[in-house]
Amino acid sequence: MSWYMAARCWVVSIAAAAMIVVAAAVFGSATLELPDLFSGVVIALPVSVLLPAVPAAMVLWNMGRGEPAHEAAAVRRPAEFDLAAVAALLLAQVVTAALLAPWFSFADSLAVVRNTAGYVALTLVLSRLIGPVVANVVMVMFPIICVRFGTIYAAGAPASAWWAWPLDTHSSLVALTQVLTLCVAAAAITRAAWLPRRRGVPAGT
Amino acid sequence: MIWVAPVLLGLIAIYAGDTQPEDGGYWTAATAVGTLFLSFTAPACAACAAWEGFRSRRLLHAVGNPVRSSTRVMVGGCWPVGVLAVTATGLVLWLYVPEPGTPGGPDVAILGTELLILCAHIAAGYAVGRAFPVVIAVPLATMGSFLVTTAGLGLEPAWIRHIGATNLYNCCTVEEIAAPEVLFAACVFAVGVIVSAVLIVSARVLVARVAAVLPGLAGTAIAVWLVLPLDWEPTAPRDLSAAECTDGTPRVCTWPEQESSADTIQASVTDVLARFESAGIRYADSMDPITFAHSSPGRIEIVATMVGALLPTEPADCPLGYPEWYFDVHERMSSWLYLTAGLDAGTAEGVAAPENVEAVRAMRSEWSPAEQLSWYEAGVDALRECPQGEPPAALRSVTASGGPS
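Going line by line, the protein sequences match chains E and C. Mind the numbering: the first sequence is residues 1 to 205 in UniProt numbering, read in order. Mind the numbering: the second sequence is residues 1 to 405 in UniProt numbering, read in order.
Calculated from the structure, these hints are not laboratory results. Glycine included, every Cβ here is placed at the ideal spot set by N, Cα and C. Each hint should be verified, as a subset may be incorrect.
Claimed, not checked - Pairwise CB distance ranges, derived in the manner of DEER restraints:
{"id": "1", "chain 1": "E", "residue 1": "Trp162", "chain 2": "C", "residue 2": "Gly101", "range": "48 to 56 Å"}
{"id": "2", "chain 1": "E", "residue 1": "Val26", "chain 2": "C", "residue 2": "Pro106", "range": "45 to 53 Å"}
{"id": "3", "chain 1": "E", "residue 1": "Thr169", "chain 2": "C", "residue 2": "Pro392", "range": "54 to 62 Å"}
{"id": "4", "chain 1": "E", "residue 1": "Ala98", "chain 2": "C", "residue 2": "Pro319", "range": "49 to 57 Å"}
{"id": "5", "chain 1": "C", "residue 1": "Glu366", "chain 2": "E", "residue 2": "Ala161", "range": "53 to 61 Å"}
{"id": "6", "chain 1": "C", "residue 1": "Pro100", "chain 2": "E", "residue 2": "Thr181", "range": "53 to 61 Å"}
To be verified - Okay, the calculated bits of chain C under chain E, using three or more residues with CB under 8 Å as the criterion:
{"id": "7", "stretch": "132-138"}
{"id": "8", "stretch": "145-157"}
Based on the provided sequences and hints, a complete structural model is requested.
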C-alpha cells in the first residue's frame with residue numbers, strides 16, 4: 001500500500017486539494033473579469049469555481065503513473081485503489097473545510113469540495129473516452145464554458161443554467177445530483193475492464 | 001495539432017461574424033481587430049507547443065540525449081505550431097479585408113507584433129511541456145495562455161492591457177494609428193518571454209533554470225516602463241501630412257480613405273459653415289483643421305464633429321465637480337448648433353435629452369437671432385470655466401420645463 005501511494009504520488013495531489021480549499025476560502029468571492037469581447041458583456045469567473053480544476057487535473061497524472069499492461073494483470077485492483085485515493089482526497093478537503101469553519105463559511109467550502117468532486121468525475125469519465133490529455137483540457141475549459149454560456153441574465157440577479165453546476169450555490173440539489181451522478185459514472189467507468197485505458201504517456205513522464 | 005487546427009479556425013470563422021472593426025474602410029483598424037482573436041489562437045498554439053515539449057521529453061527518456069542542441073530540438077518541434085499561428089492570423093486578416101479600393105495595405109507593425117506574441121506563447125507553452133507532466137502541462141498552457149490574453153483586459157492598471165497588445169482590437173479611427181509605444185512594449189515583452197523559455201529549456205542545472213527567468217522579468221519591466229505614461233487608449237494621432245487639405249480658413253483635411261467621398265465632405269462642411277456664419281458663430285481656432293474620424297462620414301457625423309470642435313471641452317479637476325445644470329447647458333448648446341446646422345430635432349435628441357431639445361426649439365422660434373447668439377456665447381463662456389454653484393443668469397432663462405421664461 002505504501003509503495004502504491006509512493007509510486008502514484010498521491011500525497012502531492014491530496015496536499016494540493018487541501019490547499020485549494022484554503023485558497024478558495026481566502027479569495028472568497030474574488031472573480032476574474034473576462035471581457036467577453038464578442039458580446040460586450042464582462043463574464044465574471046469566480047476564483048473558487050476555477051481553482052478546484054487544479055487538483056482535478058492532477059488526479060489523472062497520479063493515475064497515469066503506472067504501466068497499464070502491468071496493472072491490468074495485477075493481483076490487487078489498481079482501479080479500486082485509485083478510487084479510494086480520490087475519496088481520500090475529497091475527505092482531506094472536507095477535513096480542511098471543517099478546520100477552516102471558525103473563520104470561513106463551511107457551506108461555501110463544501111461547494112468547493114463538490115466542484116472538485118465534479119471535475120474529477122468529469123475528467124475520469126472523459127479520459128477513458130477521449131484520452132487523459134484532452135480530457136483535462138476539456139475539464140479545465142468547463143468552468144469558462146459554464147460562465148460564458150450557462151449564465152442567464154434575467155431580471156434581477158443573474159442565474160445559472162441547470163447544467164452549469166459549478167456555478168450553483170452550496171445548497172443546490174440539482175447541482176449535487178449531477179455531481180453524484182457523474183461520480184457514479186466515473187467509478188463505473190474507471191473499474192470497467194472492457195474499456196481500454198487510453199494514455200500514450202510512458203511511465204515516469 | 002492536426003485536430004486543433006479545424007477547431008481553432010472554425011471558432012475564428014464563427015466569431016468573426018459577431019464583431020466588427022472600428023472602421024471597416026481603414027486597413028489599420030481591419031488589421032488591429034485581429035488581436036481580439038489572440039485569445040483563441042494563443043491558447044491553441046500554447047497547448048500544441050506544450051504537447052511538442054512533452055514529445056521531446058518523451059524522446060529524451062526513450063532514446064537518450066539528442067545530438068542536436070536543445071534550441072534546435074525546440075525549433076524543430078515548434079515550427080509546425082508556428083504554421084498554425086500564421087494560418088490563423090492569415091484567416092483573421094482575410095476575414096476582415098476592407099473593400100477593394102481601400103488605400104494602403106495590412107498594417108505590418110500590428111501583424112508582426114501579433115505573430116511575435118504568438119511566438120512567445122508557443123515558446124512558453126513548450127517550456128511548460130518540458131517542465132510538467134503532460135496531463136497537467138497541456139491544460140495548464142491552455143488555461144494560462146487564455147487568462148493572459150483575456151483576463152488582462154479586465155484588470156485595473158492600464159499597462160497590463162498594453163503590454164499584451166490585447167486592447168488594440170478597437171483601434172483605430174481614420175484619425176489614429178496604433179501607438180508605437182504599445183507595439184514596441186508588446187514586442188519587448190514577447191522577446192523577453194521567448195528568451196526566458198529558450199534558456200529554461202536549455203538549462204541543465206536548477207540554478208540556471210531559475211536564473212533563466214531574468215530576461216523575461218527584464219522584458220516585462222522595460223515594457224511596463226514604455227507604456228506607463230499612456231492612458232487606456234492604445235492609439236496615437238495620425239500624421240496630418242498623410243491627409244489632403246484645402247486652402248482657406250478653416251482648412252478641411254480628408255484622409256486617403258475618405259478620397260471617394262471627399263467632394264461630399266467638402267460640400268457638407270461648406271454648407272454647415274455657411275449656416276453657422278449666418279447665425280453669427282465665429283470659427284474657433286480649435287476647428288482648424290477639420291478632419292473626420294470615419295472613412296465615409298455622413299451628414300450627421302460631419303455636423304457632430306464640427307459641433308464637438310466648437311464647444312469647449314470640460315475643464316479638468318473642478319473643485320465643485322460638475323453639477324447637473326452644466327451638462328444641461330452643454331446639451332442645449334449642442335442641440336442649438338445641430339438645429340442651426342440644419343439637422344432636425346430627432347437627430348439632436350441623439351445627443352441631448354428630449355426636454356432640452358424641446359426648450360431649444362421653442363427658443364429658436366421665439367427669440368431673435370441676436371438674442372440667441374448672445375445666449376450661445378454666454379453658454380460657451382460658462383462651459384469653458386469650472387462651474388460655480390448656480391448657472392450664469394443669462395442661461396437661466398431657458399428652463400428645463402420648456403421654452404424661454
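Hint numbers the structure violates, sorted upward?
-> When the structure is compared with the hints, none of them turns out to be violated.
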